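Chemist: Take a look at the letters that make up each chain.
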Amino acid sequence: MAVDTAGRLAPPPRTAFFNDPVIRGYFYQALLVLIVGGLVYWLGANAIANLTAQGKSLGFDFLRNTAGFDIAYTLIPYSRTSTYLDVFFVGLLNTLLVSLISIVLATLLGFFLGIARLSPNWLVAKVAAIYVEFTRNIPLLLQLFIWYFAVLKVMPAVKQSYSLGDMVFINQRGVFIPSPVPDDKFVWVVVALVIAVLASIAVRIWAKTRLEATGQRFPVFLTVLAIVIALPALTWLVTGANLALDVPKLTGFNFRGGIDLPPELLALIFGLTIYTATFIGEIVRSGIEAVSRGQSEAAQSLGLREGDRLRLVVIPQAMRVIIPPLTSEYLSLTKNSSLGAAIAFPELVSIFSGTALNQAGRAIEIVGMTMAVYLTFSLIVSLIMNIYNARVALVER
Amino acid sequence: MADTIYAYVQTASQEPLPPPGRTTGTIYWIQKNLFSSFSNTLLTVVVGLFLLWLLPILYNFLIGHAVFQGDANTCRINVDGACWVFIGDRIRFITYGFYPPAEYWRPNLVFWVGLALIIPLVWTGVPYKILNAALFFLVFPVFAFILLNGGSFGLLRVPTELWGGLMITLLLAVVGVVGSFPIGVLLALGRRSKLPIIKTFCVLFIELWRAVPLITVLFMVSVMLPLFMPQGTTIDKLLRALVGITVFYGAYMAEVVRGGLQALPRGQYEAASALGLNYWKSMAFIILPQALKYVIPGIVGTLISLVKDTSLVSIIGIFDLLNAIQSAGSDSAWATPTKSITGYAFAIFIFFILCFSLSRYSLYMERRLNTGHKRGN
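From first to last, the protein sequence lines stand for chains H and W. Each residue of the first sequence is one higher than the one before, starting from 253 at the first, in the working numbering. Each residue of the second sequence is one higher than the one before, starting from 50 at the first, in the working numbering.
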């Protein structure tokens with residue numbers, strides 16, 4: 253580098269201003285702002301022009317108008333005279349219902365598949381692998397169609413229902429299962445169950461403190477199992493509480509009583525569960541494989557037993573790998589539940605972005621609200637994930 | 050030193066141990082992998098019995114009792130076999146939708162030319178990659194558009210409402226795959242950029258698209274987009290769906306590519322700067338080739354989701370493969386008990402072949418590009 257007589261470094265040779273990365277940076281950003289701003293302005297101006305031409309205005313007043321259509325499956329009271337806002341909540345609740353049930357079932361099936369693929373039994377591992385490869389390569393929509401049109405819709409008519417022990421009935425209109433009807437005294441059984449759970453937690457804490465202080469083990473699992481079963485059972489007997497079953501009965505052309513699971517709901521749950529479970533299975537498998545063999549060998553050399561090795565060493569490390577992709581799988585399951593629109597299950601997209609939009613014609617507001625719902629789900633999940641990741645992140649030097 | 054006899058020193062030699070059991074061969078393998086313990090044996094028997102029950106049913110339905118010759122009446126009589134004649138009869142509709150039969154040569158020609166360009170492109174041993182890529186990415190789209198859409202060079206114009214079936218599925222898949230990749234790379238680079246406005250814009254764009262289901266995006270482009278266009282302009286429905294899918298998957302692709310960019314050690318970025326390469330050159334020649342190699346499984350996973358999700362366009366009324374099969378089945382001339390299940394079996398077959406071959410190709414590329422620098426190798 254050039255050094256002048258005073259021994260100072262000469263300034264670096266100047267480049268042309270258009271080659272300066274800093275100036276270029278400003279230029280690119282200004283360009284982006286101009287393009288995006290221009291686009292937004294153009295779209296907005298078009299929208300306003302179109303809306304004025306159609307004599308419409310933007311606003312959410314329409315939510316108070318009467319919707320005037322029926323919904324086949326609702327969790328909250330709904331009738332033809334309910335408003336569009338009610339339609340929104342019916343859809344939202346149905347979406348949540350389907351997602352929650354499917355998430356639980358898919359997690360169970362997924363863990364089972366992941367463990368089966370790692371089985372030392374060659375046949376089990378191969379069958380699980382073929383099943384996973386096959387199921388995950390078929391579009392979810394196709395699977396939903398198959399469950400709905402080819403399996404559930406070809407069930408016998410109401411009069412010829414399949415019955416399981418005269419308790420559960422399966423026909424074209426869905427599955428009818430008995431619902432439990434607790435009497436007044438049954439509340440004590442529930443109270444007993446809550447007390448039992450609290451007691452179990454106390455036992456577990458006490459046993460852990462004692463183990464750390466004295467090294468003596470206490471059979472926690474068996475004690476807890478005994479408490480949780482015995483206490484409510486005893487209360488049940490003592491109070492003489494009664495849990496009746498409301499069995500569905502064929503009256504007229506349909507079943508009355510019990511719980512009615514329509515084919516749309518079942519098809520959506522089956523489809524989402526089976527499709528998502530294959531992805532969860534792969535996540536579980538890679539999570540378990542990610543824990544190196546040395547970890548469980550190290551635990552063994554510390555003298556931990558088989559159960560403790562899994563519980564204290566292998567599973568916590570596998571969960572660190574499993575949980576982040578697992579939650580994003582849950583999120584995509586929730587988003588995929590919108591495919592219920594294709595088999596007429598009344599979830600958010602189907603009745604709100606579909607029927608309500610066609611009737612009210614408020615495309616911008618309705619699509620915006622629907623997107624906002626999914627955006628909220630996604631933000632909540634990523635918030636929880638960030639907190640979780642911060643908690644379990646490896647503390648490195 | 051006297052000959053002291055220690056009790057712990059052996060005087061006689063030990064009896065030789067029996068030879069170890071087999072550790073090679075079929076019998077040993079079966080023993081180890083199928084019958085190593087009681088629970089393992091039980092599992093093998095249960096799964097084996099299940100397969101013995103399932104496989105004959107599948108074979109009989111798909112091949113054994115299936116109807117390969119005859120007409121709708123043959124299918125009506127035979128209720129325990131797939132009705133393949135239904136597929137045979139409707140194959141033109143399932144492949145081309147309402148495309149005029151006299152013009153079938155046009156999609157066919159596009160398909161074969163496309164295949165002839167893609168195969169050497171993805172086959173790593175074939176030379177002239179740049180020429181090939183230029184032909185496929187620049188010349189082929191124009192050629193395909195002119196041929197499929199018609200209206201010039203004396204070709205009959207075929208509006209996209211008449212396109213359908215497998216042709217639409219392949220078109221959506223290829224355009225989506227080719228289009229979403231560059232969008233994804235640009236968004237990922239933008240998200241990693243040091244320029245605050247560009248970074249914020251990319252983060253918002255990616256997160257917004259990833260947060261909503263594809264079906265709402267398709268609803269948006271089909272009912273909401275016309276409201277944002279100047280009055281009187283209509284954009285083709287298929288084109289809108291295409292753009293929707295491409296941008297949607299571009300956002301997913303961006304997150305995959307970002308994973309690769311983050312996995313790359315810092316030294317690679319610094320080395321590129323030390324060589325005096327500017328931003329675009331260092332990205333193009335140093336960073337991206339390595340980063341993309343890291344995330345091949347993720348990229349192909351996204352592409353597979355894209356291929357599967359092309360089926361969603363049937364919800365907004367485009368006649369893709371699934372929709373064509375559904376509506377072919379609702380024809381009253383084919384009111385037979387097994388035709389819908391046969392149609393679904395055929396759709397499964399097509400989608401499975403598309404997706405499974407993509408995933409196999411990804412494994413092949415991973416092995417091919419593995420330079421052994423990955424940690425843990």
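Each hint should be verified, as a subset may be incorrect.
[What the hints assert, rightly or not] One side of the interface only, derived from the structure: several residues of chain W facing chain H at Cβ under 7 Å:
(1) Leu184
(2) Ile246
(3) Ile247
(4) Val272
(5) Met273
(6) Leu274
(7) Leu276
(8) Phe405
Just so you know, the hints here were simulated from the structure itself, not pulled from any lab data. All values derive from a computational prediction rather than experimental measurement. No residue lacks a Cβ here, since even glycine has one placed at the ideal position from N, Cα and C.
Chemist: Please go over all the hints and tell whether each is borne out by the structure.
Modeler: Each hint, compared with the structure:
no. : hint   : in the structure
1   : Leu184 : violated, 30 Å
2   : Ile246 : holds, 4 Å
3   : Ile247 : holds, 6 Å
4   : Val272 : holds, 5 Å
5   : Met273 : holds, 5 Å
6   : Leu274 : violated, 9 Å
7   : Leu276 : holds, 5 Å
8   : Phe405 : holds, 5 Å
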